[in-house]
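Peer 1: So you can see what is in the structure, the chains are spelled out below.
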Amino acid sequence: MSKITDAREAVMVGRRSDGSLVRRPLSPHLQAYDMLQLTSALSIAHRITGVVWSLGLAFLVWWLVAAAAGEAPFGKAQWFFGSFLGVLGLMGLTAAAWYHTLAGLRHLWWDSGRGFDLPTTYLTGRAVLIGTGALTALTWLMLLIAWI
Amino acid sequence: MADTAPTLRTLRTPLGRVRGLGAAKGGTHHWWMQRVTSIALLPLTLWLVFSLAGMPDSTWQEVTSWIGRPFNAVLLLAFLAAAFHHTAAGLQVVIEDYLRPELARMGAILAVKGACALLWLAATLAVLRIAV
Chain A
1 MSKITDAREA VMVGRRSDGS LVRRPLSPHL QAYDMLQLTS ALSIAHRITG
51 VVWSLGLAFL VWWLVAAAAG EAPFGKAQWF FGSFLGVLGL MGLTAAAWYH
101 TLAGLRHLWW DSGRGFDLPT TYLTGRAVLI GTGALTALTW LMLLIAWI
Chain B
149 MADTAPTLRT LRTPLGRVRG LGAAKGGTHH WWMQRVTSIA LLPLTLWLVF
199 SLAGMPDSTW QEVTSWIGRP FNAVLLLAFL AAAFHHTAAG LQVVIEDYLR
249 PELARMGAIL AVKGACALLW LAATLAVLRI AV
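Protein chains in written order, with the working numbering: chain A, 1 to 148; chain B, 149 to 280.
Calculated from the structure, these hints are not laboratory results. Hints should not be assumed to be uniformly reliable.
[What the hints assert, rightly or not] Cβ-Cβ distance ranges computed for the label pairs, FRET-style:
| hint | chain 1 | residue 1 | chain 2 | residue 2 | range |
| --- | --- | --- | --- | --- | --- |
| 1 | A | Gly82 | B | Leu169 | 30 to 40 Å |
| 2 | A | Thr39 | B | Ala229 | 46 to 56 Å |
| 3 | B | Val280 | A | Trp79 | 25 to 35 Å |
| 4 | B | Phe198 | A | Leu55 | 13 to 23 Å |
| 5 | B | Met254 | A | Ile148 | 48 to 58 Å |
| 6 | B | Met181 | A | Ile145 | 32 to 42 Å |
| 7 | B | Thr161 | A | Ile48 | 54 to 64 Å |
| 8 | B | Thr158 | A | Leu129 | 48 to 58 Å |
| 9 | B | Arg253 | A | Ile145 | 27 to 37 Å |
| 10 | A | Leu108 | B | Ala252 | 29 to 39 Å |
| 11 | B | Leu169 | A | Ala72 | 53 to 63 Å |
Using N, Cα and C, we set each Cβ at its ideal position, and we do this for glycine too.
Starting from the given sequences, assemble the full structure and let the hints guide the process.
Peer 2: Written as structure tokens, this is what we have:
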């Protein structure tokens with residue numbers, strides 16, 4: 001295999017199952033993507049929001065365990081969630097949760113073999129973003145109304 | 149036909165060459181269970197998020213009586229089971245994608261699965277303790 005002079009050759013270095021090198025196209029990775037395209041940005045965001053959701057689950061576990069432990073531990077948890085940092089975190093978590101839910105719905109739609117053409121992909125992608133904003137706003141509107 | 153047939157410069161069969169290189173065990177089931185739990189989580193997440201949004205300044209008595217209601221307790225237990233299964237499966241895929249060394253990869257996956265199992269059990273016990 002000759003020395004690589006063209007950057008695009010980097011995605012042409014494959015490996016056979018016996019370990020020997022072979023020149024063939026690999027599935028494109030970060031170097032081949034424009035990360036700021038809507039399609040790739042939403043894909044990356046789906047993974048990030050999924051990981052963020054796991055942190056949110058840990059907070060839910062804390063809240064439930066604190067409630068089971070008694071009034072004083074529950075008060076501490078409630079104080080944290082009501083603090084500036086807590087509210088900020090919960091707002092971010094709400095947006096991440098709705099994004100991951102809607103983008104997940106888009107993935108289920110893709111799993112059924114539909115919606116792969118570019119216009120539809122961009123349409124559903126924008127719908128996910130608008131839906132995330134709308135659901136996050138609705139959730140916090142409900143929360144504020146219940147709070148007052 | 150002769151042009152398209154792959155040529156193998158080895159006497160070992162393709163199956164023999166890929167054996168032991170990983171996967172091809174429970175991959176489809178892993179993928180499928182991620183979809184199944186995601187479908188279950190759609191209504192459960194809607195219910196949980198909007199329920200929690202409705203009780204920002206609830207007292208401990210109000211919250212525990214809400215968790216203790218059978219309808220809420222059952223849905224909470226269902227949400228926790230589906231959510232932790234989905235989380236463990238999802239984090240496993242993330243680790244498999246970015247962590248190459250075999251020992252570190254397996255260690256990280258086992259750590260994530262252990263943490264998910266323990267957190268799930270803790271949350272489940274909490275709900276049951278309040279509800280039962």
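Peer 1: Hint by hint, say whether it matches the structure.
Peer 2: Hints versus structure:
no.: 1; hint: A/Gly82 to B/Leu169: 30 to 40 Å; result: violated (52 Å)
no.: 2; hint: A/Thr39 to B/Ala229: 46 to 56 Å; result: violated (33 Å)
no.: 3; hint: B/Val280 to A/Trp79: 25 to 35 Å; result: holds (28 Å)
no.: 4; hint: B/Phe198 to A/Leu55: 13 to 23 Å; result: holds (21 Å)
no.: 5; hint: B/Met254 to A/Ile148: 48 to 58 Å; result: holds (51 Å)
no.: 6; hint: B/Met181 to A/Ile145: 32 to 42 Å; result: holds (38 Å)
no.: 7; hint: B/Thr161 to A/Ile48: 54 to 64 Å; result: violated (42 Å)
no.: 8; hint: B/Thr158 to A/Leu129: 48 to 58 Å; result: holds (50 Å)
no.: 9; hint: B/Arg253 to A/Ile145: 27 to 37 Å; result: violated (47 Å)
no.: 10; hint: A/Leu108 to B/Ala252: 29 to 39 Å; result: holds (32 Å)
no.: 11; hint: B/Leu169 to A/Ala72: 53 to 63 Å; result: holds (54 Å)
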